[in-house]
Each structure stands twice: as C-alpha cells, then as structure tokens.
Amino acid sequence: MNMHTKLLAGVAFALIALPGAASAQDKVITALFCGDTMQPAHAEFIKTWEGNNPGFKIQTEVVGWDQCQDKATTLAAAGTPYGIAYVGSRTLKQFAQNDLIVPIPFSEDEKKAYFPFVVGTVTTDGQQWGIPVAFSTKALYWNKDLFAQAGLDPEKPPLTFAEEIAYAKQIKEKTGIAGFGVVAKDYDNTMHQFLHWVYSNNGTVIDDAGNITLDSKENLEALTALRDITAFAEEGPTSYEQNEVRSIFLDGKLGMIQASIAAANRLKEANKFKWGVTNLPLGPSAKGPGTLLITDSLAVFKGSGVEEKAIEFGKFLTSPENQPVYEKQEGLTPLRPGPAVDKMVADDPSWKPYIDGISFGGPEPLFTDYKGLQNTMIQLVQSVVTGTAEPADALKKAAADLEQYK
Amino acid sequence: MSRSKGASLFAFCLLLPALLYITGIVAYPLVETVNLSFTDAALKPVTKWVGWANYEKIFNVNFSTIIVRTFIWTFFSVAIKMIIGVCAAVLLNAALPGRALFRILLMPPWIVPMAIGIFMWGWMYNGQFGMISGLLQNFGITDGPVAFLGYGRSAFWATIITDVWIGVPLVTIYMLAAIQSIPKDLYEAAWTDGAGRFYRFRRITLPMIVPALITMSMLSLIATFNSFDIIWILTRGGPSGETTTMIIDTYKTAIGSYKYGEGAARAVLICLFLSVFCFFYFRTVSRISSGDIR
Chain A
69 MNMHTKLLAG VAFALIALPG AASAQDKVIT ALFCGDTMQP AHAEFIKTWE GNNPGFKIQT
129 EVVGWDQCQD KATTLAAAGT PYGIAYVGSR TLKQFAQNDL IVPIPFSEDE KKAYFPFVVG
189 TVTTDGQQWG IPVAFSTKAL YWNKDLFAQA GLDPEKPPLT FAEEIAYAKQ IKEKTGIAGF
249 GVVAKDYDNT MHQFLHWVYS NNGTVIDDAG NITLDSKENL EALTALRDIT AFAEEGPTSY
309 EQNEVRSIFL DGKLGMIQAS IAAANRLKEA NKFKWGVTNL PLGPSAKGPG TLLITDSLAV
369 FKGSGVEEKA IEFGKFLTSP ENQPVYEKQE GLTPLRPGPA VDKMVADDPS WKPYIDGISF
429 GGPEPLFTDY KGLQNTMIQL VQSVVTGTAE PADALKKAAA DLEQYK
Chain B
1113 MSRSKGASLF AFCLLLPALL YITGIVAYPL VETVNLSFTD AALKPVTKWV GWANYEKIFN
1173 VNFSTIIVRT FIWTFFSVAI KMIIGVCAAV LLNAALPGRA LFRILLMPPW IVPMAIGIFM
1233 WGWMYNGQFG MISGLLQNFG ITDGPVAFLG YGRSAFWATI ITDVWIGVPL VTIYMLAAIQ
1293 SIPKDLYEAA WTDGAGRFYR FRRITLPMIV PALITMSMLS LIATFNSFDI IWILTRGGPS
1353 GETTTMIIDT YKTAIGSYKY GEGAARAVLI CLFLSVFCFF YFRTVSRISS GDIR
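Protein chains in written order, with this note's numbering: chain A, 69 to 474; chain B, 1113 to 1406.
It should be emphasised that the hints constitute simulated quantities derived from the structure, not laboratory data.
Not one of these hints is a red herring.
Straight-line C-alpha distance at most 16 Å; calculated EDC-like pairs for lysine to aspartate or glutamate:
| no. | chain 1 | residue 1 | chain 2 | residue 2 |
| --- | --- | --- | --- | --- |
| 1 | A | Lys342 | A | Asp213 |
| 2 | A | Lys95 | A | Glu380 |
| 3 | B | Lys1156 | A | Asp167 |
| 4 | A | Lys115 | A | Glu380 |
| 5 | A | Lys240 | B | Asp1255 |
| 6 | A | Lys237 | A | Asp296 |
Chain A side only, calculated, beta carbon under 8 Å to chain B, not exhaustive:
| no. | residue |
| --- | --- |
| 7 | Thr141 |
| 8 | Lys439 |
| 9 | Gln450 |
The beta-carbon is built from N, C-alpha and C at its ideal position, and this holds for glycine as well.
Modelling step: build the complete structure from the supplied sequences, incorporating the hints.
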C-alpha cells in the first residue's frame, strides 16, 4: 500500500468513524409523531428542549396516521421500541397490561390543571400511562340555507334527538338532499361517531368496575335514534368515514353533521353557504350536553433506557406554556381551561359547543383489546344502519362480544 | 478430484448465493411463521405453546365463510381477466386501424402505480362525488347517488372490477405474445380452405394458445388469491366483512389486532392453498415442456 492509498484509506475511515463517535456522546430519545409532516410548534420545542438538556438528542420520525399506531406497537412488541410515541389514548390499557409502557407520574396539581375527564382518558387502575397531547370533542353543524329551503327556522338548530330526526326528515323530503351525515365505514371514527350519540344520552360502554354496560336503556335510545336518522342520511353510509361525510357537508349536500372544529375552519375558508355550530342534540336520558372525549397521548415505552428523560421531554412538550401553541396551530380542543381559552371562546364563538360538551362527555372506553372493541362497535353500527339487525338485538350481541375484550 | 465432481462443485458454488438468499428471506420466515402459529404470540413479552388452538379458533370464527368468499372472488376475477385478456389480445393482433393506439391505451392500468389506480377507482365508486354514480344519474338510470362501496354485494363486485382493470394488461400482453407465435401458414391454409374468422379462432388460435392460457391462469390465480391492496384501499374488508378475504382477515388479525399467533395460523393456511396452486402450476409447466399439453 503506497502513501497515497494509506492516506485515502485513513480519510475514508475518519469520515465513517467520526460522525459515529460524535453521536455516541449524545443519548438518543427516539420519538414517533403521526401525520404528514412534523408540526412546526413541536419542532421548535424539541430544539429548545435539546438546548436545555445537553447530552440528549431527540430523533424524530413522522409516520402517516394510518400506519403510525401499528408501527409503534409492532416495534414495541418486537423489543425495539421508540423512546416516546404519539398514540391514541385508547391503546394505553393494552400497552400497560402487556408491560410495554411505563407509568407517568402526575402530581395532583398537574391533574387538576386539565379539563374534567382528560386525565381519565389516560388512566387505568388509578395510574396514568400517557401524557395527553391532543384533545378532540364534537359539535353539531347545520346548513342554514338548507334549513331555510326545507321550511325550517335557520337560526333554530335541533336540541334533542327527536328534533334532529324530524329536521333531517323534513330536509330530505322538502329538498331531496340528505338531512344528516351518518358515518358507518370500516373506520375507527364509526365507533367514535356512535359514541357521541351515547354520551349525548348519558350512556356508557363499560363502568369503573369493569362491567360492560353497553346493553342499556340509554344506549338503546341512542342506537335507535341513529337507526331512525339513517333513513334521511346520505345514500350508503357504510361507504363513508368521518372526513368523507364532512366533505359532503362542505359541498352543501347534507343538512347536519357531527364534526370537530376543523369543519368550522374549512367552512369559513369555503364560505359557500350559511352555517351554524351548536351542542350535540340531547337524547331523552341526557343530563346535559355531552360528547365523546378523545385524546391522543405521548406514551413512553419500556426498554429504551431513557424512560425518565422521555417523560420529562413529553411533559415539556405538553406543558401549559407550550401546549396552547400547538393546539392553536392544529385547531385542537384545549386540554386545559384558563383565561386563554375563555378569550378564545369570546373571540370565536364556534368554540363554545366544543367546550360545553366536555362537562357531560365521556372518554373513549379503555379495553385490553381495543381493536376488538372497535371492530365490535363498527359491526354494531353497520348491522343497524344497513337494517340487518334491530338495535336491541345488536346491542345484546355486541355487549356479549365485548366481554372477551375488556 | 474427478471432472464430474469438479463440475458439481462449480454448480453448487453458483447456486450458493441464491440458496443463501432463499434460506434467509423465504425459508427462515416461513419456518418462523409456522412456529409462531402454534403459540399465543401477541403484544405480551412472553409467549407460550398452544398446540393447534389457533387453528381450531380459525374455524370457530366463520373463517370457512371467508375461505369460500376468497375462492369466489378469485374465481371471478381470474375468469374475467382471462376472457377480456384473450379477447383484447385477438383484437390487438388483428389488422385493425388504430391498433397502435389501442396497444398504448392498454398500458396505463399496468404503468400507473397500483395504489394510485385503486384510489382513482375509489373516487369513481363514490356515491356523492363519483363519476359512475354521476353518469347513472345524468342518464336517468338512477334517481339519486349510488354508493357502490356501501353495500356488500356491490362492494364485492367493485373490488373484482378494479382487480380486473389492473390485471388485464398483463394477461393481454402474454396472450398476444402467444397468439403471435402461432405459425401464419396455419391461418393461410385455413383461409384458403374457406374457414371463417370465428372458425379459425376456434380451431387454430384457441387450441394453439391453450398452454399459455393455462400458465397465465395459474399465475393469475396465485397473484389474485393473495391480492391485498385493492380490497384494503377500497373497503378495508367491509361493509360488514362482505369483502374480507383470507389475506385481509390475516392482516386484520395479525397486524390490526396484534394477535400474531392467530394471524400466523391464517398465513400458514394461505401458504398451504398457494402451495397447492403452485404444485399444479409446476406440474402444468412440466407437462407443457414435455409436450403432454399442446
């Protein structure tokens, strides 16, 4: 080997070895985020956290919503988990029971700072297993132009299930346009949309003692109302998921839908017709405005070797100072009440029903096998909206099926 | 070392990379899957041996319905692809004006990335915004929107049509090659004897392309039986499980519900079915090579 070759080999070795040596000094926390791109707010907070915590580096990965959950789960099951990952809170119980994640210590003050029930969405057996990072509630949107065309008062949205069904019927009969958007595709939001009906009627799926409560009078009323309104919904609801139904509404081809605040933003942008947003109509057994309270959380996986720092990072990302910036950017329901939220509602009254619904809302039920729960609930809704089962029978069957997943 | 031993060693050395590759990416995962299918592997870190329990469970949860549905789906999809493919090949082989254009038009389903093609069909089937529903309404055939993916039966056929759309170009090209390899003098002799077009097709073309027809059918059968993307993107196996085939059910069980052991048992079953198809395929190819099928 001549001098030239030795030199080249040396340079090549240095090029390969040096970056490794440099990165070896930092402890890496791998972090999984869901979506198409990294949210600018989170990217900024990560830089700040790294600056405050020398010797630690956050290695982010962004995965599309469809694959995100499965990727985090599969890698954890394979023994190569992310340090921290964005997951639906409904999965936490399953992760916890399979010893894949670590509990998150919350002080009483930290818990009190959240809206009611938010901490409940990440709690199993009295222990918190995730750090809430995103919160979603739903409200009812109505197309005022269609209401007027149907001979309804455009300023008077339905307040009860009965009114909602009657209005949907009148819209369909008078205008030929579907009165209500039913979501019933093979998607998780089919279960979510049904649970909005359940929580608007004081229903539950499972109680604190772990008993299945699905087959109840309240849920029968909710499911019967959903079945009844399907007659005046868009054609073939089993082919539409939540965002597709929202698109139909935005196109002016639906009288009413249950949707998140994102619909308000799109309606403002499109400015195609007059619309309103209000609390979800109440069922006969309701005690107040309710909605399904869905949270996503940051779960800290066991075995990464940096669990404590990952918890610290997760709490920093969702701190009362940082979280509102992210929520505003993403158009999410705030996790914590406060003067900023009051101001937000005052500035934009579209937010009011999203906050009102929290008081009588309910969390996504936590099951050991949440996919089993999801599939059972989808089957329940589909069987009723397609007319292959009566609500009472379908509830009985679903309640029996759920026993194996709790 | 004798000359024949040396030749054998050389041949083995040439085969070694392929053998290692196949062992690594086919044999090992296959053995692991079979092994997994006898365990209760799920999210929990410890797994235990459960014997035949996963296989027994399969047949307790209407898997036989799913098997039958998979065979029906595969049968119609392959049959329609073969019929359209052969017809298209005959047309493209004929001296028709604009033949070159037809040949180009045949390619897009094959060239367009599969997922994009499927999403396009998904939009066409959409009841509210879809082209098919729109056309049906404009021509007064239906009163209102038709959501093709909203009902079990129509969704089932919609997925078959999409699979046919994607699969026809390959069948057509393969059959066109087979037709073009038929000696021209056979047609000239038949034409001289006054044989008509249909007679020539029935008595010359069809018999001459039987080996290609069988080979293509077998290959198509294997690919279609395992078809995942089309159904998953269009319906995710719904509504109410009406388009759930074996591969969709396996995915839902193993990846969707994290029941790796039960999913592996389903995968093993699919593997067994495909092995039977492959056995017949190789036997057919062997018979064609030996001249048993002409």
